[in-house]
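Work out the full structure, taking the sequences as your base and the hints as a guide.
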Amino acid sequence: MLYIVPTPIGNLQDITLRALDVLKNADVILCEDTRRTQILLSHFAISKPTMRYNENDERSISRCVEVLQSGKTAALVSDCGTPCISDPGWKLVKEALNANIKVSSLPGPSAVACALAGAGITGGAFTFLGFLPRKPGKAAKLIANAYGLNVPVVLYESPYRVIKMLELIAKTLGEQTPMIVARELSKVYEEWTRGTVRELIENFSKRPKVQGEFVLIIDRPAAEEKEETDENPYF
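Take the sequence shown: its letter number 130 is residue 129 in numbering that gives the first Met the number 0, and every next letter is one higher.
It is worth saying that the hints were derived from the structure and are not from the lab. Note that this is a predicted model, so its numbers are computed, not measured. Check each hint, because a few of them may be wrong.
No farther apart than 27 angstroms at their CA atoms in a straight line, the calculated lysine-lysine pairs in the DSS-like style are these [claimed, not checked]:
hint	residue 1	residue 2
1	Lys101	Lys71
2	Lys23	Lys101
3	Lys170	Lys186
4	Lys47	Lys101
5	Lys137	Lys163
6	Lys163	Lys101
7	Lys186	Lys208
8	Lys47	Lys93
9	Lys205	Lys186
10	Lys170	Lys205
11	Lys71	Lys93
12	Lys23	Lys93
13	Lys101	Lys134
14	Lys71	Lys23
15	Lys140	Lys170
16	Lys90	Lys170
17	Lys90	Lys71
18	Lys137	Lys170
19	Lys134	Lys163
20	Lys205	Lys163
21	Lys163	Lys208
22	Lys134	Lys170
23	Lys101	Lys140
24	Lys101	Lys208
Structural data, given as structure tokens:
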């Protein structure tokens, strides 16, 4: 049996009671990074064997599948958030399913859901791109295609590349494109910044150091949003 267990994206108190129960009762915990996971386990006084899985190593995935085939119950975790969603894990889940191993996915912390809920821009459709390719051309094409669907576009970015990503968005969609940036969600220094892409570039460029994990939400102009609402037959 394989359980997919979301873990807190920052605040350790966000873990669910069910997630704790699964971690306490699993025979082994499969980790993206055993050191990161051990911090979480120690915080909740959980003592269980851990085993690292490497998404890019077929032997690592095979070893994890062998553990599952031996009849053991395993909990799959990433460093934070929900495994397989812009995090390692999906290859292991796929191989487990191919081996007729039962897989159960637990609900829990997710940065994309947390950011959208606090953005105040939509209760419906959106496009999630996760981490974009490093090559600017490929990234720009993905952004343009997603924005063409006329729904908010959500992506993740590191503090080391966030300004370059904002500049790429400005070049691709225009400097007046409205955006919401959520930084360090659920942590002590959680921050929300709203404005045009140009305003956000100026904001973060003035800072001595940019830190934290980022969720970027590309919104639609207010006029487009109003037009869609006016045409909605349910209102």
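- Run the structure past the numbered hints and jot down the numbers of the failing ones, going up. 3, 6, 13, 16, 23 and 24
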